[in-house]
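J.: Below are the chains, spelled out letter by letter.
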Amino acid sequence: MSMEGSSAVSDWLHHLIILPILIPLMVGAAMIPIDERNRMIKGVMGFVSTLVLFVLSMVLMRASASTEGFLAGTSVYQLGNWPAPFGIVLVLDRLSALMLCLTSGLALAAQVYSIARWHTAGHHFHSLFQLLIAGLNGAFLTGDLFNLFVFFEIMLAASYGLLLHGSGPLRVKAGLHYVAINLAASSLFLIGVSLIYGATGTLNMADLAIKLATISPENRQMVEVGAGILGVAFLVKAGMWPLSFWLPTAYSAATPPVAAVFAVLTKVGIYVILRLSLLVFGANAGVSAGFGQTLLVVGGMLTIAFGAIGVLASQAMARLAAYSVLVSSGTLMAAIGLGHSSMIAGALFYLVSSTLTISAFFLLIELVERGRDAGADVLAVTMEAYGDADEDEEVDEAGAAIPGTMAVLGLCFCLCALLLAGLPPLSGFVAKFAILSGLFGLSGAEPAPALSAADWTYVTLLILSGLSAMIAMNRVGIRTFWASIENTVPRVFVIEIAPVVVLLGACIFLSLQAGPTMRYMQATADSLLDPSGYTQRVLTAPRVGGQ
Amino acid sequence: MLSVFILAPFAGSLIAIFFPSDQRGATAWFAGAIALLCFLIAAGLYPFVTSGGVLRYELAWMPELGLNFTLRMDGFAWLFTVLVTAIGVLVVLYARYYMAAEDPVPRFFALFLAFMGSMLGVVLSGNLILLAVFWELTSIVSFLLIGYWHHNAHARDGARMALTMTGMGGLCMLVGLLIMGRIVGSYDLDVVLASGDTIREHPLYLATLVLILLGALTKSAQFPFHFWLPHAMAAPTPVSAYLHSATMVKAGVFLLVRFWPVMAGTEAWFWIVGLAGLTTLLLGAYFAIFQQDLKGLLAYSTISHLGLITVLLSLGSPLAAVAAVFHIVNHATFKASLFMAAGIIDHETGTRDMRKLGGLIRYMPGTAMLAMVASAAMAGVPLLNGFISKEMFFAEAIETHQANLLDTITPYVATLAGMFAVTYSLRFIHSVFFGKTPDDLPKIPHEPPRWMRAPIEFLVLACLVVGIIPAITIGPFLHTAVVSILGTSTPQYSLSVWHGWNLPLIMSFVALLGGIGLYFLMKNYLATSTEGPPVFRLLHGQRIFERVLVTLSWKWARWLEQRLGTRRLQPQMRFLVFVAIMAGALPLLLNQFELPSLLVRGIDPAFALLWAIGIACAVGAAYQAKFHRLAALVLLGGAGLVTCITFVWLSAPDLAVTQLLVEIVTTVLILLGLRWLPKRIEDTQESELLSLRVRLRRLRDFVLALVAGGGVALIAYTVMTRPMPETIASYFLERAYTEGGGTNVVNVILVDFRGFDTLGEIAVLAIVALTVFALLLRFRPQADSLEAPEQQQVQNAFDDDHPDRAKGDSVAEYLFVPSVIMRWMFPVSGMLAAYFFLRGHDLPGGGFAAGIAMSIGFILQYMSGGTRWVEERLRIHPLRWMSIGILVAAATGIGSWLFGYPFLTSHAQYVTLPIVGKIPLASAIFFDLGVFSLVVGATVLILIALAHQSIRAPRAHARALRAAKEAK
Amino acid sequence: MRTWFPYPLLSLGLLIIWMLLNQSVAPGTIVMGTILGVALAWVTLKLTPARSHPRRILRTLAFGASVFLDVIRSNIAVARVILRVGRRAPNSGFLTVDIDIEDENALALLACIMTATPGTAWLEYDRGRKSLLFHVLDMENEEVWIRTVKRYEAGLKEMFG
Amino acid sequence: MEIILSAAIGVLTASGVYLLLRPRTYQVIIGLSLLSYAVNLFIFSMGRLRVNAPPILEPGGVGDLSRYTDPVPQALVLTAIVIGFAMTALFLVVLLASRGFTGTDHVDGREQRSE
Amino acid sequence: MSHLTDLPTWAAVIVCGFVLLGAAIALIGSIGLLRLPDFYTRLHAPTLATSGGVILICTASMVCFAVLQNRWVFHEVLIIVFVIMTTPVTLMLLGQAALYRDRVEERRGVPLKQKPLREETPDETKE
Amino acid sequence: MTELAIIWSILAAQIMIGLAMAFAAYRMVKGPRAQDRILGLDTLYINAMLMLLTFGIRTANSIYFESALIVALIGFVSSIAFGKFLMRGEVIE
Ligand code: NA
Ligand code: NA
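Chains as they are written, first to last, in UniProt numbering: chain A, 1 to 547; chain B, 1 to 968; chain C, 1 to 161; chain D, 1 to 115; chain E, 1 to 127; chain F, 1 to 93.
No lab work stands behind these hints, which were simulated from the structure alone. One should not assume that every hint holds.
Computed, partial: chain E to chain C, Cβ under 8 Å [said to hold, decoys possible]:
1) T9
2) W10
3) I25
4) A66
5) N70
6) L78
7) T87
8) P88
All C-beta atoms in this analysis are idealised placements derived from N, C-alpha and C, irrespective of residue type, glycine included.
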């Protein structure tokens, strides 16, 4: 029979799980010694790598969404062939596959965008970019707490490098704060993880979830302390108020393609909170169930409020976009904290939609502003008087004034505005609707659970944040597209505008395919809320070769 | 079939945008054809609708969440569809001539069609959420249409205001609709319309009502949200005629009618809707009188008429609802025609200011006639359609519905408003078409093109026909609409011009005569007065709005942003520390934490002594870091050394080895950086001059630090004194040798059990090295650290001063003997690295330690000989080392695939070689080789990149100086 | 020969170090040590440290023994100085002595010896004048110290020729 | 032993945190270094303290926790040391760049009114 | 695993004696660092530890492990050799640095370099 | 008896070395000048190495040897760096 053959094939296909980490890691490493003069080679390598990753993550998402076949549902990859909880395992489930897809999609867009000109702003852009993706993908895939730390560090280290890409006073100043805060947060991460290990003797998330149910009260307390401290580390990344003041400055200082991928960076914090709070402190966690949810709700709401205020107060578009990141984060945090299943599904949809939007917006901003003032270029061009002869990284004015550029840019801007404000008919609206309908529910005849004050506050904030985005985008859009006196058409490359269009197109696609997408999200949320499947798959996965 | 109503306009919009901008006619024809198509289809559907049928079309969108693309046409929706499409056709025709050649017409018609689609969507939505979708779409497209002439500041402001108001209302309405869905259990309109009692009795009824009304009232420009509409008049006139009189503003009252069966009749409804409507009715009419802008007058009149409809709907009586629907249609006809007339006047004379206009009947008698008829309809003159619906309104106003103050004053307010309506209608006609012709008109007016007037003619004809023979013309359609709303409770009503001498008729006459009288009283005042009614004109709606918007969304937001956030690092750090302390403390405080008992026994005095030193060093470092950098660094080294000894003491030789090596490299690294920091000389006076604030701030930080330190110490102590839970460590200890092939369990964990962590860790190192390298390529030192350090200047000067010495002799002498030894240490460090590398799997050491040891050997050479000296002799290619490092490590991991095992599965085997004997050959060795290679590359790259600044910066400095000199 | 074994003495030293490190005289260790020793010598060649040719191994051993005794003696002497420092401040001072050793390795060795014998601290070597400035902790008699250094110098000269 | 080590961790943390809150970049980097010692010791202490029980098995041996100390925290600390070193290097270069661009070693890139 | 208490008495005496003596010498060296009046005299202090201290304690270690583990390979020799090789480098560099700084500041009692230096501004790194 | 003597004498030695380290640390803290501090650190390193060696003897375990070896072999590198920084104002020219 072909059983043998098919099992061999499926064994090989099993390795697909690790490829989202390995491909960018190795491609990034291979690029290191290539001379900067051959930047385009690196660009092409990076493009191929991200393209492959994109296709791969699509395949993985497909597979994990199916109920049978290879990699169906939750699949486990035991690194070094050591079983969980002892070895490190990668876990592919709907959620991680979704995040992989999102990351690679954004990365592809940013990668293409960067080749037009931004990768010339400094050295080793493409290596750092690939390694950032490796870090992100690793963080999404790993099922081990300490390994998560390692991937966080990869991601952060690469993000430091990419934020500083292009150098210049603004970026360096923002980078200093960003690095300092995140280094402190990393210390918290380590303290949290090790404390959890000290109290439970395990590092595996699934194992931790199991152990927490049977642990002694004293040790449980220590786990909670550890989780609390760990949570702070994640919330710094996720951008919760008051831990997020570094974010607007850092994100708005970054070069556009970098800022575009940074949009997904905060989502890593969100992802981990979502994963851990539902896995470890889910319904099965006994006394600790629902640990920290109240704080998450309160903090999330404060973050929305702060983000919305920041959006209103922002004069520069990049800052507006950065504050939108906070709004998005806050919305997600509070939704996770409120924790109804259908709300989490909606939140997942929102996560994807808002990330795509903000990413597109970051890419768009520079194109729009390019024609208006040289502000962006001032940042990029360093004071070459002090540089060395071997430096040629002056970002040259390039790109062509394509007819209709302004119209396309304007249209893209409109779409961004609609998406950010959550106005119909695009996915920003659909996402908010999904969250709200999860909150309100369609109970009908049977009595619905009463809505709490928190629920109402959340609704209010959600609406107000949309309103603030509308007002701010309106203001900035009118100023940029309608009121500008000198109508110099920005010179842009097609490969710069195409990624924006594609990302926004993805949002439109999401709106059109809202039904199937929401089904995927609902299934994801359901599996998150019932983590027994996850823990069982992780802890009972067989080793290769038995034993 | 229904989907065509949505698809055709939107598809048309997409196509229209691609029309060449000079093809005005073609684009208009195209848009008109689409509108006409929709109209014809609607007309064709009449037989089905009039038989009481409800057409439905459903497409799944998010079926699980109850959101579907459901279209639904009943009689009322049909009436509106016809209105929207019919007036749409007429406006397109009008716009064909109205728009100037230089206007980007394709954009106009594209937006126009998009608007029509959205409006039809609102009308036809069979799903609450879909309704909200189209609702917001109308706002958005309206925004773009108002701002069509965006070079005009009024257009921009008007557009923004319209969007802000209606968009805000729409968002509120969305929430209201969501709650309604929650109450009913479905967003389907049919289900909702069948659940009136459930809704009205639900505790959330009031919230729902208020939220939905916010949507409706903002859209229909009801008081106090009315002010956006006059400013929307900056839009091209076809837009005003279509959106802001006939269709979009009707969406609000449409919604009120739509939900009338399920929401009306309660006291809350009566009060809120009635109060808003009545106020709007009166104020709108009053304001209209004092407008000088033709379109402004029409806008306020529209507001007033919408208030009239709202009042009718507030009453809760079926008959009033009939009147409301009727007036919706009537108003659309006469107001659209008036707007078009105003547009023609503007078009022909170049102004819309009534003070500048007059006597136009001589130039454009046809237009004048049409405008007069339409105005008369607006004023409620008998034999015109406006009269009939106004009579119905008066009749309903007299009726007692709720027996309260509001109910009582309705007829008086109605009459007064009717009077005002007559006044402004009369003013419109009289000041434009009669009186003396001004001689300062921008253009000489004449009749517009034939087809530009046609739409007005058609509409005025409708006014007349409906006004004279209502029962035959509008009657059946109205009935169909009304039945679809009221169903079985449809009242008996008669559409006829003459009901006999009754109170409403008397009210009409009072209004008519009073209005005429009022106009002639005020005529002279109005001819010269400024825009806006006395007193109220000071209360500029727009200015208030702008003020509020700027204050709220800009000043307060900025103030709040600054208060709630900070761009300074120190407060951010403080927050982080504080939050972390809270996060750690809360679980302890909430669950009654028991303090562990202090164990003083078993303390090794030598160990205690060590940490007394360590603590002194740490505190000293903290104390000295500000003014005595070097001292702080020395003390930091002391603390690090004690840490290393602690690792040895407590059974972690691997850690000690690694930490020691890292310690040394870190010290060199920071020293390399120290050169580029500014001088900082302690001001001895400083401590006395410190302000109280600074002292307090330091005290606060000190306390925060103490709490953090105390907390961490407490937790550490607590965990340490508790028994170890069952841990994964046992597994590693059991299998490190038998399955991992090494006796050093820590190393086996690093390269095998948790080798993936190590792979990640070296990636971090690589990334950091790249970042450092890239950043330093752009390094630009401050001017004061550009020159060579003072020591070098002094020593060079000394060399220069002495003829027997060459420049650099000092340093050569200084390092002469040391460098001999340092050079010989290079192969030794290589040996040490090899030793650590090879033994790592079994004993303390490993690839990382080896790598650092090797790179220290390199650094030593740089220190002894200087950068140039070393690089003339030894080309290290750190980037290659790094690349190869990661690739080798990863490839080792991939190698296990070939044997069918997962990534990084290690394989250990002993190989017997001649002479050498048995040697262990684990795949982990190759992995560790990668680690080694990367560590060497990264460490050397970081240090050397930093060191290179010392030769780069002066060179660049010299170059810059030279360039400056040449420039002079 | 030179091309294959640029620094035979170095390679030998490295081999010994390797054997000591591994605490083994097994053939495997020796092979590995030799390979490493030779390979590292090649790399070291690029740094071109000066070659020296120590001779007269027996005399060297005798010299070493005398130095060792000096080390012990001066340890005691310095310990004494330190212990009575509260009562009597040490009579320390700077001394200059001319050294005419050419071989830089020999100079380095001299530095090692002087450092290893407490009480004398190598400070500054003037290459032009071939004079050494050193510091002495307890300077009872300048001549004694200068003689000691000269003795070391002679011993090293004998070794390195 | 536990009490000494926890006191050490506490003091290192407190000194590190205090420096993190200071305005000079150099203070911050020294603070981060002190903090990383504290964190490393903290991680290490989570495996409990054992004297002379290094997790190095006798050849061919199968170990257990009664004879050897917990190797897991040690492995974690090793990773943390490496990452800590990398981050120190990075922060150092960033602070140098910041000083280069802004002319000051204040963490905000400009001198504040006080402190 | 062997224990220190397994040492035969003769070896124990040697080991303990050497260790104590070595530690005492190191301690005296440090006392010197503490009490000696100026930098140049203090420069001699650590050499007690690097010579006497290291030799004695390394010897003790060699004896100890040679007896306990019955192995005659003395890797502690490496420590002695390397310490003796590397200490001069440190002390030489430090001593010269101190000389330079003192000369620049024109401290008394510091031997001048051949010819007097010009008037110089004070040193950059006071500390 | 012998056992006790051995244990106590090693402990005494460790305390002596500890004190030596403490005095060195005193120089590091007190100075007065940079070279004094650096000399203090160097002394601290040497004594730390002796401490490690005695610890190895005390536990009769040669596994700690490498730590001592590293101090002996490359502990001086940081002292060199410090010294060069004092003398030349930068570590690598
Ligand atoms: Na190791
Ligand atoms: Na000496």
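J.: Hints first: check each against the structure and report whether it holds.
T.: Against the structure, the hints:
no. : hint : verdict
1   : T9   : 26 Å, violated
2   : W10  : 22 Å, violated
3   : I25  : 6 Å, holds
4   : A66  : 11 Å, violated
5   : N70  : 12 Å, violated
6   : L78  : 5 Å, holds
7   : T87  : 5 Å, holds
8   : P88  : 4 Å, holds
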